[in-house]
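S.K.: Kindly generate the complete structure, drawing on both the sequences and the hints.
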Amino acid sequence: MEENNKVIETIGLSKYFYDPIKFQVIKEVDLSINHGEFVAIEGKSGSGKSTLLYLLSTMDTDYEGQLFIHNELVTGQGDAQLAKIRNEKIGFVFQFHYLLLEYNVLKNVMLPGLKFGKYSEKELEQRAMDHLKTLGMDTHALKMPNQLSGGEKQRVAIARALINDPLIIMGDEPTGNLDKKNGDLVFDIFKKLAKEFNQTILVVTHDIDFAKRTDRIITMEDGRIIS
Amino acid sequence: MNFKLILNIAFHLLKARLKQTIVAAVGVTFGIAMFITLISFMGGLNEMLDGLMLNRTPHILLYNEVKPSENQPLSLSEEYKNHTKFIHSIKPKDRGKSVYNSQSIIKVLKQDKRIIDVAPKVTASVLFNSGTIEISGFVNGIDMLAEDKLFKISDYITEGKIADLAQNNSVIIGIGLANKMLLSKGDIIKITTSNGDLTPLKIVGISEIGIAEIDNVMSYTSLATAQKILGQPKSYITDIQVNLYDKESAVELAKEFRKEFNIDTIDYQTANAQFETGSTVRSIISYSVGIVLLIVAGFGIYNILNMMIYEKMDSIAILKATGFSGSDVKWIFISLSIIIGLTGGIFGLLFGFIFSNIIDVIPFETTSLPTVKTYPIVYNIIYYIIGIVFAFCTTIIAGLFPALKASKVDPVEIIRGK
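Line by line, the protein sequences are chains A and B. By my numbering, the letter at position 18 of the first sequence is numbered 18, and the numbering carries on one by one without gaps. By my numbering, the letter at position 174 of the second sequence is numbered 174, and the numbering carries on one by one without gaps.
Hints are computed from structural coordinates only; laboratory data are not their basis. Be aware that a few hints might be false.
Pairs of lysine-lysine residues, derived as BS3-like cross-links and limited to a Cα-Cα distance of at most 25 Å, are as follows [as the list claims (entries may be wrong)]: (1) B:K405 / A:K84; (2) B:K4 / A:K118; (3) B:K97 / B:K255; (4) A:K107 / B:K255; (5) A:K89 / B:K408; (6) B:K330 / A:K118; (7) A:K107 / B:K4; (8) B:K330 / A:K107.
These numbers were taken from a predicted model, which means no experiment stands behind them.
M.R.: This is the structure:
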């Protein structure tokens, strides 16, 4: 069924900033992302693309309109419920890696899985190792995050995003902090995930080159989707 | 909620900030240790002072009080039955100091299961004569065995033995009396009773209770000797002293005995009300000092946790992004606080115990308390339970505010702010 293929759907999504004056950042956005799509949201700084991503991420709940994830209305759900949705259905990769410095690489990757509690610790460890292997990071599994380079950290963050087999991976400028070589490496990983594992990916970027290489580009301007 | 995972995260956060954590925990340790030490010491002091009082005061004393008859002859009159009566110049009735029917009362009391023992006593005010000096004082005729059992009187005999009183016409006198009259063990002291009879007694010992007022006037002799001095028969008993297994029931039992034996009774609490007040005040002081110390420790924990939250903003944000709810984050920080509080508290109990032990062996000798050799300490499990509960409560309260703050951290704000 076509209906079931939608990973994310929004109806009339609007958001206002109130500081310093009331200002509409996102204007009546209707958007849907299908399963298996590799989508880039592109636009100038201030176009509202990041704001839109954080609305879709369920972390920002201060909006008007409706948000569906996997055909389930998310709008209006409580903090604990939303946390559960993020844990089970969304994987995040941010510009900054946000690894916990107190844990080693393997434990960092396992953490969302431990929270989910679907797999035993042993199984999780195996799964985490598999993901790290896919990303070429298995030899660093027992290192602490501060022993890794920027690109390596970002790859660990991607492994962490994958641990609970999410419906969708959301990225906010995932290559923004990386040099060209590492940026390409991370992009190739996304591409590979989309192609080989049919992973749905939504990435916000201001890098046109990056955007062009994805399956679908959503361009934003002044809080509206223009194409 | 997955508490194992939450505790695991809390532990790792603590490990990363080990030094500050230790400082915070040491604050709690110090507070609890001081609290335990103080309260044990105060408890010991209270017990010592109570002992000082209780070793001299029976739980219940049965005696004849000098007082007027409750039923004056006029109240028997039928004619004025419904009148209000005024009687002037009533004088107390002379019923004698002797407890009427003392032997059977003692017999009944001795069979009472609530009573440890009964010590009959004869007290009389006398004049002590030595050479030309006359000093007024008291002679206590006591049942040596019972008196020693109830009041540990032998603790206060500095020379001679209480058993020596079994000899005919022997006496143990207070140290003040002995010093004033230049008497020592083996000397003869002459005693004049209120009837004018003069009896020489041999001093077989010296007692020192530690209260000059008493040591200056008191002397002990056997019941038989006292009765003989006074020229009274064997049944002559002025006081019946009773100690109870449960001394808290003294007030009630005193009332019961008053009714049952138709005699005046007084319980130790009524007789020594001021001691209770002192004990209460000392307890209040030690509890307040302990609580203040813990509040200070609580502020320490609050500070550390607050700092930790600012340092770990990123971690909190990513935990929330990857599916930890606000309440998970709150519990992480509350566990942090509980870990600090409990570790600090348990060490506090340990150090409190060690400090108490140290105080317990510090010599403390005072002439007024011949039985006390070191500073008094009470070891009471209740103090330790209160201590750990206090530690637990303060740390939870101290941790609650930072934890609530952490739970409200908006991950979007942190992540977008980068």
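S.K.: For each hint, tell me whether it holds in the structure or not.
M.R.: The hints, checked one at a time:
1. B:K405 / A:K84: Holds - the C-alpha atoms of K84 of chain A and K405 of chain B are around 21 Å apart, at most 25 Å.
2. B:K4 / A:K118: The hint holds at about 15 Å.
3. B:K97 / B:K255: holds (20 Å)
4. A:K107 / B:K255: Not satisfied, since the Cα-Cα distance of roughly 73 Å exceeds 25 Å.
5. A:K89 / B:K408: Status holds; Cα separation ~22 Å.
6. B:K330 / A:K118: Holds, at roughly 23 Å.
7. A:K107 / B:K4: Answer holds: K107 of chain A to K4 of chain B is near 14 Å, not above 25 Å.
8. B:K330 / A:K107: holds (21 Å)
Comparing the model with each numbered hint stated earlier shows that hint 4 is the single one that does not hold.
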